[in-house]
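Peer 1: Here is what each chain is made of, one letter per residue.
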Amino acid sequence: MKMARQNKDGWQYHLNQREASCLRSLLQQFPITANVPARISRTDADPKTVEREKLLNESLAEHRKELKKQAANLLGAGKFKRGESGCLLTLNPEEREILLQILNDIRIGSWHVLGEPEELDPETSPQTVKDLVFYNLMNLAGYFEAAFLHAFSSDPYPGHD
Amino acid sequence: MPSVLEPITIPKRTDKKETRSKGQFAPTYYVVCWNDPVNLMVYVTHVFMKLFGWERQKAEKHMMEVHEKGKSVLVREGAEKAEFYVHQLQNYKLQATMEPAE
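So the sequences go chain by chain: Z and F. First residue of the first sequence: 1, per the working numbering; consecutive thereafter. First residue of the second sequence: 1, per the working numbering; consecutive thereafter.
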């Protein structure tokens, strides 16, 4: 995967057919987990903290609903255009941030299902078929995050074209 | 008889001194990002640059602090703005909280 073009309106990425198929599949599966309660503070005992935490979790739930809609938009006509040697994905700045958030939600959600392991070594982490599925989802989402960000910064991304 | 203007008395200027005690100031909060083993370093750097408008060098410094020390204080703000930043950071799935600064 690499950046094919960049202008003031956004970016165009070139993906081979396999990458495009994997990315589309990931987007179709979002969200892969239910909402996980988030904390707003680790030390604050202020009564306002309870209310703030409630607001945070409501806001995060709303945001995920919006991401779900945006995931459908990204899968819609016109975003992935087939070319001779793969696929062109065109993103404006807002869409790119949304895509990164969706991918990271999948990555973090998979990690959560795996029991939030400290060790992400493939030799030790997956214990069951289910674990293996979520381990692969986590890694695939991470692959695309890194690829998009490296492509954006124009840094070489070894081993991928 | 010519009229005599009353002299205008200009009130003596006095600089207002802050009289509020320390406890009366609106509380401020540190926005803290905590380490986890799953968020990619390049992603964390990107989020810091995006949300705070930082240069890459500053964003990477905070990212490395999270990675090596377990947490980094990103900004110090009033409650409302600190809460806003925590919401934004958590939308990106970073482990961020607001902690009382005092």
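Certain hints may be false.
[Unchecked claim] So the derived label-pair ranges between C-beta atoms look like this:
id : chain 1 : residue 1 : chain 2 : residue 2 : range
1  : Z       : Glu66     : F       : Pro27     : 25 to 35 Å
2  : F       : Asn35     : Z       : His63     : 17 to 27 Å
3  : Z       : Arg18     : F       : Gly78     : 27 to 37 Å
4  : Z       : Gln17     : F       : Met49     : 24 to 34 Å
5  : F       : Gly78     : Z       : Asn136    : 39 to 49 Å
6  : Z       : Pro126    : F       : Pro27     : 24 to 34 Å
7  : F       : Asn35     : Z       : Leu75     : 29 to 39 Å
8  : Z       : Pro126    : F       : Lys61     : 31 to 41 Å
9  : F       : Gly70     : Z       : Asp131    : 42 to 52 Å
10 : F       : Glu55     : Z       : Gln29     : 43 to 53 Å
11 : Z       : Gly83     : F       : Phe25     : 31 to 41 Å
Hints are computed from structural coordinates only; laboratory data are not their basis. Quick caveat, the model's predicted, so the values are computed rather than measured. Positions of the beta carbon are idealized from the N, C-alpha and C atoms, including for glycine.
Peer 1: Using the beta carbons of glutamate 66 of chain Z and proline 27 of chain F, state whether their distance is inside 25 to 35 Å or not.
Peer 2: Holds, at about 31 Å.
Peer 1: Quick check on a hinted range of 29 to 39 Å for asparagine 35 of chain F and leucine 75 of chain Z, using CB atoms only.
Peer 2: Holds, since asparagine 35 of chain F and leucine 75 of chain Z (Cβ atoms, about 33 Å apart) stay within the stated range.
Peer 1: Is it true that asparagine 35 of chain F and histidine 63 of chain Z lie within 17 to 27 Å of each other by Cβ?
Peer 2: Given range 17 to 27 Å: holds, Cβ gap about 23 Å.
Peer 1: At the C-beta level, are glycine 78 of chain F and asparagine 136 of chain Z separated by a distance inside 39 to 49 Å?
Peer 2: Distance hint for glycine 78 of chain F, asparagine 136 of chain Z holds at roughly 43 Å.
Peer 1: Do the beta carbons of proline 126 of chain Z and lysine 61 of chain F sit within 31 to 41 Å of each other?
Peer 2: Because 35 Å falls inside the window, the suggested range holds.
Peer 1: Range hint 31 to 41 Å: satisfied by the CB atoms of glycine 83 of chain Z and phenylalanine 25 of chain F?
Peer 2: violated, 60 Å
Peer 1: Within 43 to 53 Å or not, the Cβ separation of glutamate 55 of chain F and glutamine 29 of chain Z?
Peer 2: violated, 36 Å
Peer 1: How does the Cβ-Cβ distance of glycine 70 of chain F and aspartate 131 of chain Z compare with 42 to 52 Å: does it lie in that range?
Peer 2: With a Cβ separation near 27 Å, glycine 70 of chain F and aspartate 131 of chain Z fall outside 42 to 52 Å, so the hint is violated.
Peer 1: Taking 24 to 34 Å as the hint, is the beta-carbon distance of proline 126 of chain Z and proline 27 of chain F inside that range?
Peer 2: violated, 46 Å
Peer 1: Holds or violated: the 27 to 37 Å window for the beta-carbon distance between arginine 18 of chain Z and glycine 78 of chain F?
Peer 2: Between arginine 18 of chain Z and glycine 78 of chain F, where Cβ atoms are some 49 Å apart, the hint is violated.
Peer 1: Can you tell me whether the CB distance of glutamine 17 of chain Z to methionine 49 of chain F sits inside 24 to 34 Å?
Peer 2: holds, 32 Å
Taken one by one, the earlier hints fail for this structure at numbers 3, 6, 9, 10, 11, listed in ascending order.
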